[in-house]
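Protein sequence lines, in the order shown, are assigned to chains A and B.
Letter by letter, the first sequence follows residues 687 to 1005 in my numbering.
Letter by letter, the second sequence follows residues 5 to 104 in my numbering.
Treat each hint with caution, since some may be false.
[Stated by the list, open to error] 30 Å max Cα-Cα, derived BS3-like pairs, lysine-lysine:
{"no.": "1", "chain 1": "B", "residue 1": "K62", "chain 2": "A", "residue 2": "K849"}
{"no.": "2", "chain 1": "B", "residue 1": "K100", "chain 2": "B", "residue 2": "K62"}
{"no.": "3", "chain 1": "A", "residue 1": "K772", "chain 2": "A", "residue 2": "K845"}
{"no.": "4", "chain 1": "A", "residue 1": "K803", "chain 2": "A", "residue 2": "K750"}
{"no.": "5", "chain 1": "A", "residue 1": "K772", "chain 2": "A", "residue 2": "K844"}
{"no.": "6", "chain 1": "A", "residue 1": "K803", "chain 2": "A", "residue 2": "K772"}
{"no.": "7", "chain 1": "A", "residue 1": "K838", "chain 2": "B", "residue 2": "K62"}
{"no.": "8", "chain 1": "A", "residue 1": "K952", "chain 2": "B", "residue 2": "K100"}
{"no.": "9", "chain 1": "A", "residue 1": "K845", "chain 2": "A", "residue 2": "K803"}
{"no.": "10", "chain 1": "A", "residue 1": "K952", "chain 2": "A", "residue 2": "K772"}
{"no.": "11", "chain 1": "B", "residue 1": "K62", "chain 2": "A", "residue 2": "K772"}
{"no.": "12", "chain 1": "A", "residue 1": "K984", "chain 2": "A", "residue 2": "K952"}
{"no.": "13", "chain 1": "B", "residue 1": "K62", "chain 2": "A", "residue 2": "K952"}
{"no.": "14", "chain 1": "B", "residue 1": "K62", "chain 2": "A", "residue 2": "K750"}
{"no.": "15", "chain 1": "A", "residue 1": "K750", "chain 2": "A", "residue 2": "K772"}
{"no.": "16", "chain 1": "A", "residue 1": "K803", "chain 2": "A", "residue 2": "K844"}
{"no.": "17", "chain 1": "A", "residue 1": "K750", "chain 2": "A", "residue 2": "K952"}
{"no.": "18", "chain 1": "A", "residue 1": "K838", "chain 2": "A", "residue 2": "K772"}
It is worth saying that the hints were derived from the structure and are not from the lab.
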Amino acid sequence: MPLPTGDTIGILADNLRLRRSVLPIPTESAIRWTRGLDLPRGGERVLYTGLMYQLIPYIEELVKAESRLAESWLSGFTGIGRQVNKLVNVSGFMAHPTREQLETYDRIPRNVALLLKRAGVEFGALYEDDLYSGALAYDLGADETLREHAQKVYTTLKKHGVKEVVTIDPHTTNMLRSVYPTLIDGYDLAVRNYLEVLSELEMVPSRQLEGDVAIHDSCVFARYEGVLREPRQLLEGLGLTLQEPLHAGTMTWCCGGPVESLFPEKAAEQAERRVTELQAVAERGVTMCPLCYVNLQKAANGRMRFDDISDYLIRGYEP
Amino acid sequence: MAVARPTFIDEVRQSEQFNAAACMNCGVCTAICPMGLEHLPREIFRYVVLGMEEEVLKEQETVFSCLLCKLCEENCPAGVHITENVRSLRHYFDRKAFRI
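Chain B with its partners taken away, still in its complex shape (with noise of 0.2 Å):
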């Protein structure tokens, strides 16, 4: 059973401008994204908002495979920050798994 933790996402933000939250899981991030990235970013955003850190931690990969092209986030109907999003996520990782 996955466990909660509601300050999470508190941790990962980085600035104003993390906005997870705006996703409305439509999918043309998923459906454009030229790496063919299938979690990153609705997936992993969905999990920082619902506290799910350990599934966080799971896509280590997923999170450092993101180009930044911004290309999603050129045509996200719901303006979300996705590569500001992703930058922040990759500081979580950098300090939490990886000690930097």
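Next up, chain A with everything else stripped away, as it sits in the complex (with noise of 0.2 Å):
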């Protein structure tokens, strides 16, 4: 029995109004990615994680302990609940993940800066100042919180002297090419993915990789933005052979993680029947969202081995 629809999203909106992100974590934690990188602050081109990739440990987390909730007698105080969380962040004495989660998902977004910086990109980083998108929250149709925060990123940026934002995760660059501008008046950002970036660079592979690997195009880079093309000349140029599902490019099947939050079960379906699709192509699988790549590693558990694009990428780009 999942948790009431309502008070979680409640709590989550609650929380990209008073906190800034719908899940609050560590400062620690959004900016352990940069550490040794040695990149300026702001300036006229960043990279942005949005947080993507660093919630996901405390996301993992979370959804098991609303399991445990959901199952216990608590359940029925979620109403309560919500109103203690608008004075204590309840969600961080929920979510401890463990060193080895961390690092998994640090890894990412320091692939990204290291491709970046080896394809001669000059390019700041906002630290602290990186925020969460709020996706989640313009997915739930918390629209009035949404503007709020949107408002709030956008004045962030411009405070750093951000004219064009790098993005990583397909969510956080939709949000920022194409849903801010219709939530904010004069919006004057460029924004691209980094997988754009370097495509249009013609990098030269430092080594080839060689095998099949089944690709998972995530639904909103295929269907909202459009992001087809670039990823699978960046790993075809590598020597890798990328098997096709039966539901691939705009026809794409989605992991099932937009649902995670509010019915993790019908979530896992989703994740099973995608993994049954790309088994059937190939032993190995490539990602390019931090909510299909925990997805779809989960629902596989162990049956077969998903990889995040830029694992890819960084092993044959790099010096």
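If you follow the hints, you should be able to join the two separate chains into one complex; please do so.
What follows is the structure, given as structure tokens:
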């Protein structure tokens, strides 16, 4: 039995309004990926994580805690929980990821930063001002909260002198490129995903990779943002043989991730269906979204290996 | 007997993008939905167009089970803005049922 939908959305929206993220995480966890990279603060072009990868270990743990809560007598008190959460960050007590989980998801923004450096792209980072985009609030229809938050994000970017944002994941790309312009008067930021940036630069790989890989297109990249050619071009440029599942490209199937926060069981069922399709064409799969990565990995449960696209790219393009 | 309220659609409509009335009930969306949602979008959109608020309110779980993956919209022959319409319905639930 899932937790009550209204209370769950209420907590997520309250968190975004009060704490600038649907699931607030420690600043240290938000910025750990920047260690040793020596990235300037702000500047005209920034690499923007929108916290999506850094949030995943916390989301994984929170979903587990929610499942335990849903099966207990406490599930009848989520309304009270929402009121308490307005005063104290309740979700902060519920999610305690392991060091290994944190390192896995720090690695991906680091990969991207190293790839951009390798390609000769100059960029900065916003460190603790790299804010969550509000993607989940948008999906759940919390429009007033989202509008207020989007303005905060935009003001922060302008304060740092940003003119161009390079994003990592599809959801942040969609929010900053396609949704924010509908919410903010005079919005004038150029937004490109790092896969688009890298594919334009015609980088020469330092080594060739081989083997079959099943490509899992993100729904948001494929049908909202039209990012289809770039990942294929980059992966095939490394020598990999891409295997397309039954549902691919603009017909791609979702990983189930978007309903994870409200209906974890439905999300798992959809992830299982998708893993079966991907497993039919290759033993390894590649994803380009943190939600896809975590959901498919979990559903595969060792049957099939998934890697983020940046893990392949860093192997092929690092010196 | 179902009660119809003609102003209901105006309460759900969030923007000019909202076009539930464009649905011609062909069923492509239902056939293609990876989640196998049967009532969403076409049946619930029809309830909105007809002003049947109570019927819509019964479909809370269905409305929030949509992945917003846009596969149905990509293949909709009538050009219905399905994901934006679903988001509008969620916004309606947030205000009306959840007081958010």
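Just to be careful, I want the Cα atoms of K100/B and K62/B compared with a cutoff of 30 Å; is the pair within it? holds, 13 Å
K62/B and K750/A were given as a pair; does the straight-line alpha-carbon distance stay at or below 30 Å? Given that 30 Å is the threshold and the Cα spacing comes to 28 Å, the pair holds.
Is K803/A within 30 Å of K750/A, Cα to Cα? It is violated: about 37 Å lies between the C-alpha atoms, which goes past 30 Å.
Hint consistency between K838/A and K62/B [alpha-carbon to alpha-carbon, up to 30 Å]: violated, 36 Å
Satisfaction of hint between K772/A and K952/A, Cα-Cα up to 30 Å: Answer holds: K952/A to K772/A is near 28 Å, not above 30 Å.
Below or equal to 30 Å on CA atoms is what counts here, so check K750/A against K772/A. holds, 22 Å
Holds or violated: K772/A with K844/A, Cα cutoff 30 Å? Holds, because 29 Å separates the two Cα atoms, which is no more than 30 Å.
For the pair we were handed, K952/A and K100/B, check the Cα-Cα distance against 30 Å. Given that 30 Å is the threshold and the Cα spacing comes to 25 Å, the pair holds.
K803/A paired with K844/A [C-alpha distance capped at 30 Å]: Holds: K803/A and K844/A sit about 23 Å apart, inside 30 Å.
When you check the alpha-carbon spacing of K750/A and K952/A, does it fall within 30 Å? Cα-Cα ~15 Å, so holds.
Would the hint linking K772/A and K845/A be met if the CA-CA limit is 30 Å? holds, 28 Å
Checking one constraint from the list: CA of K838/A to CA of K772/A, max 30 Å. Satisfied? holds, 19 Å
Hint violations for this structure: numbers 1, 4, 6, 7, all remaining hints satisfied.
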